[in-house]
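K.L.:
Sequence:
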Amino acid sequence: MAMKANSTDGRTRSSVQIFIVVGLCCFFYILGAWQRSGFGKGDGIAMEITKGGADCNIVPNLNFETHHGGEAGSVDESESKLKVFEPCDPRHTDYTPCQDQMRAMTFPRENMIYRERHCPPEQEKLHCLIPAPKGYVTPFPWPKSRDYVPFANAPYKSLTVEKAVQNWIQYEGNVFRFPGGGTQFPQGADKYIDQLASVIPIENGTVRTALDTGCGVASWGAYLLSRDVIAMSFAPRDSHEAQVQFALERGVPAVIGVLGTIKLPYPSRAFDMAHCSRCLIPWGANDGMYLMEVDRVLRPGGYWVLSGPPINWKNNYKAWQRPKEELQEEQRRIEETAKLLCWEKKYEKGEIAIWRKRLNAYSCPGRQDDSQATFCKSVEGDDVWYKKMEPCITPYPDVSSPDEVAGGEVKSFPERVYSVPPRITSGSIPGVSVETYQEENSKWKKHVNAYKRINKLIDSGRYRNIMDMNAGMGGFAAALVSPKLWVMNVVPTIAEKNTLGVIYERGLIGIYHDWCEAFSTYPRTYDLIHAYGVFHLYKDK
Numbered sequence: 001m002a003m004k005a006n007s008t009d010g011r012t013r014s015s016v017q018i019f020i021v022v023g024l025c026c027f028f029y030i031l032g033a034w035q036r037s038g039f040g041k042g043d044g045i046a047m048e049i050t051k052g053g054a055d056c057n058i059v060p061n062l063n064f065e066t067h068h069g070g071e072a073g074s075v076d077e078s079e080s081k082l083k084v085f086e087p088c089d090p091r092h093t094d095y096t097p098c099q100d101q102m103r104a105m106t107f108p109r110e111n112m113i114y115r116e117r118h119c120p121p122e123q124e125k126l127h128c129l130i131p132a133p134k135g136y137v138t139p140f141p142w143p144k145s146r147d148y149v150p151f152a153n154a155p156y157k158s159l160t161v162e163k164a165v166q167n168w169i170q171y172e173g174n175v176f177r178f179p180g181g182g183t184q185f186p187q188g189a190d191k192y193i194d195q196l197a198s199v200i201p202i203e204n205g206t207v208r209t210a211l212d213t214g215c216g217v218a219s220w221g222a223y224l225l226s227r228d229v230i231a232m233s234f235a236p237r238d239s240h241e242a243q244v245q246f247a248l249e250r251g252v253p254a255v256i257g258v259l260g261t262i263k264l265p266y267p268s269r270a271f272d273m274a275h276c277s278r279c280l281i282p283w284g285a286n287d288g289m290y291l292m293e294v295d296r297v298l299r300p301g302g303y304w305v306l307s308g309p310p311i312n313w314k315n316n317y318k319a320w321q322r323p324k325e326e327l328q329e330e331q332r333r334i335e336e337t338a339k340l341l342c343w344e345k346k347y348e349k350g351e352i353a354i355w356r357k358r359l360n361a362y363s364c365p366g367r368q369d370d371s372q373a374t375f376c377k378s379v380e381g382d383d384v385w386y387k388k389m390e391p392c393i394t395p396y397p398d399v400s401s402p403d404e405v406a407g408g409e410v411k412s413f414p415e416r417v418y419s420v421p422p423r424i425t426s427g428s429i430p431g432v433s434v435e436t437y438q439e440e441n442s443k444w445k446k447h448v449n450a451y452k453r454i455n456k457l458i459d460s461g462r463y464r465n466i467m468d469m470n471a472g473m474g475g476f477a478a479a480l481v482s483p484k485l486w487v488m489n490v491v492p493t494i495a496e497k498n499t500l501g502v503i504y505e506r507g508l509i510g511i512y513h514d515w516c517e518a519f520s521t522y523p524r525t526y527d528l529i530h531a532y533g534v535f536h537l538y539k540d541k
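The numbering of the sequence shown is our numbering, which starts it at 1 and goes up by one.
Think of the hints as simulated: they come from the structure by calculation, not from any bench. All residues carry an ideal CB built from backbone N, CA and C; glycine is no exception. Incorrect hints may have been included.
[What the hints assert, rightly or not] No more than 30 angstroms apart at the CA atoms, straight line, and that leaves these computed lysine-lysine pairs for DSSO-like:
id: 1; residue 1: K125; residue 2: K446
id: 2; residue 1: K157; residue 2: K134
id: 3; residue 1: K541; residue 2: K443
id: 4; residue 1: K377; residue 2: K349
id: 5; residue 1: K81; residue 2: K144
id: 6; residue 1: K318; residue 2: K191
id: 7; residue 1: K387; residue 2: K497
[What the hints assert, rightly or not] Computed Cβ-Cβ distance ranges for the label pairs, DEER-style:
id: 8; residue 1: E203; residue 2: S419; range: 18 to 26 angstroms
id: 9; residue 1: Q438; residue 2: S460; range: 28 to 36 angstroms
id: 10; residue 1: E241; residue 2: T436; range: 30 to 38 angstroms
id: 11; residue 1: S442; residue 2: W320; range: 48 to 56 angstroms
id: 12; residue 1: N286; residue 2: R177; range: 35 to 43 angstroms
Input sequences plus hints: build the corresponding full structure.
P.N.:
Written as structure tokens, this is what we have:
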């Protein structure tokens with residue numbers, strides 16, 4: 001069934017196409033944007049689908065008659081009263097409820113508390129639809145979107161001036177161009193990644209999931225995608241205006257986030273590689289707590305890359321315009337914490353250093369007896385939603401031999417997507433067996449094939465950023481794996497089973513979230529949203 005939104009109050013909204021696939025218990029929202037006037041490009045796309053792709057008869061087992069009487073899209077006004085949501089004031093164009101700038105300034109600046117999530121109380125929540133900026137247009141398809149973003153979609157030029165010599169972003173006519181540069185790689189992300197690949201097995205599928213802390217406009221993650229590495233990038237909503245917004249407009253995975261006092265919303269042993277390129281995180285502060293949090297989310301055998309200060313401070317302190325004593329102490333603290341975590345330093349050259357996390361606790365004899373090593377007491381390393389970060393080391397899972405990978409070994413990508421994840425083979429998730437996992441995969445392959453018959457734009461490059469609001473074991477995302485798109489797999493914090501670790505073991509990415517609150521993103525950043533069982537899960541919430 002397809003329903004087309006109509007204009008209200010003289011404003012025309014790009015059509016929000018809703019496909020409700022009753023037999024599959026799920027539905028799609030293809031997100032349009034509010035236009036000030038006229039016929040938006042989103043309307044044209046939606047109309048094409050309405051005319052040619054919404055014929056539910058192509059899925060013969062679906063029966064709409066028993067669920068929806070009357071014409072498609074009609075509402076029986078005698079039974080229900082329509083609630084109309086008006087557009088918000090234009091000043092809310094880029095409103096991010098839980099990272100609102102005005103509210104942030106009322107919180108302490110210590111340890112970046114003011115940049116963390118602070119959601120509005122009930123009486124301050126907006127009940128209106130966020131308007132698009134004037135002139136908003138449909139984003140470019142992938143791969144063009146990696147390098148070009150329409151100026152009207154994120155009309156902020158400050159980074160073009162502030163980062164001009166670093167090749168982050170350039171303004172050209174009515175578009176922004178992203179040359180692929182960064183503070184630490186002004187010559188381009190590709191050359192920088194080549195340098196990392198001389199140490200880290202990026203090219204053979206061993207490294208698939210990455211975490212980029214303080215990502216800027218996410219050029220590192222953007223250029224990793226062509227190497228089959230998918231990076232979860234995050235940065236705060238701060239003085240570097242719209243950096244995460246630019247990343248998402250480019251079609252690159254990113255969320256608003258910060259290393260402050262709350263644990264990162266990812267499971268333990270999630271990422272094959274973590275990265276900081278002049279990310280301004282004080283790694284040596286708070287007794288090494290931030291490095292310990294990176295260690296928690298890093299897979300055994302995973303890599304941590306630090307480029308920029310304080311690496312090789314002896315040769316660079318003058319260029320950085322910082323006291324050499326300060327830089328020396330900063331690097332000493334990092335090295336000390338890395339040693340405590342039992343990381344092996346693999347490389348240091350120029351301004352780049354690379355460490356590798358050991359495979360298991362056998363590699364760290366005596367650490368249990370080290371008076372400086374405090375181990376986390378929490379038995380659940382994945383219980384992280386709004387939980388305070390602690391300066392403690394997350395213990396390795398037990399192993400039976402020195403060669404065994406703690407937590408289980410994963411296959412190389414792409415075999416990894418459908419191989420049975422270690423958390424399932426070990427029985428770590430109650431009620432989930434190898435058989436149920438394989439059944440879920442078969443089900444979602446079938447469903448996604450049906451979606452593609454209904455909506456011909458899937459996997460065309462038009463939908464780059466896709467979200468699954470209730471991802472389960474990631475079957476929907478696995479069935480969609482393509483170089484033209486990526487899926488943000490959301491595991492609700494109230495879900496019966498904590499499956500986000502399984503999703504990462506499959507070489508996919510995702511995040512914990514409570515849908516009673518706003519998501520950590522900017523408006524208009526997802527091209528397609530998939531909801532399966534969400535309303536049932538949040539019934540009466």
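K.L.:
Next step is simple, just say for each hint if it's right about the structure.
P.N.:
Quick rundown of the hints versus the structure:
1. For the suggested pair K125 and K446, the alpha carbons sit about 39 angstroms apart, so the restraint of at most 30 angstroms is broken.
2. The suggested pairing of K157 with K134 holds, with an alpha-carbon distance near 16 angstroms, which does not exceed 30 angstroms.
3. For the hint pairing K541 with K443, the CA-to-CA distance comes to about 28 angstroms; that is within 30 angstroms, so the pair holds.
4. A C-alpha spacing of about 37 angstroms is found between K377 and K349, which places the hinted pair above 30 angstroms, so the restraint is violated.
5. Among the hinted pairs, K81 with K144 is inconsistent with the structure: their alpha-carbon atoms are about 44 angstroms apart, more than 30 angstroms.
6. Restraint check for K318 and K191: the C-alpha separation of about 25 angstroms stays at or below 30 angstroms, so the hint holds.
7. Taken as a hint, the K387 and K497 pair is honoured in the structure, with Cα atoms around 19 angstroms apart against an allowance of 30 angstroms.
8. Between E203 and S419, the C-beta spacing of about 20 angstroms keeps the proposed range 18 to 26 angstroms intact.
9. Taken as a hint, the range 28 to 36 angstroms holds for the pair Q438 and S460, whose Cβ atoms sit roughly 29 angstroms apart.
10. Roughly 46 angstroms separates the CB atoms of E241 and T436, a value that falls outside the hinted 30 to 38 angstroms.
11. Roughly 55 angstroms separates the CB atoms of S442 and W320, a value that falls within the hinted 48 to 56 angstroms.
12. Taking 35 to 43 angstroms as the suggested C-beta distance range, the pair N286 and R177 conforms, at roughly 39 angstroms.
Figure legend: structure checked against the earlier numbered hints; hints not met, in rising order: 1, 4, 5, 10.
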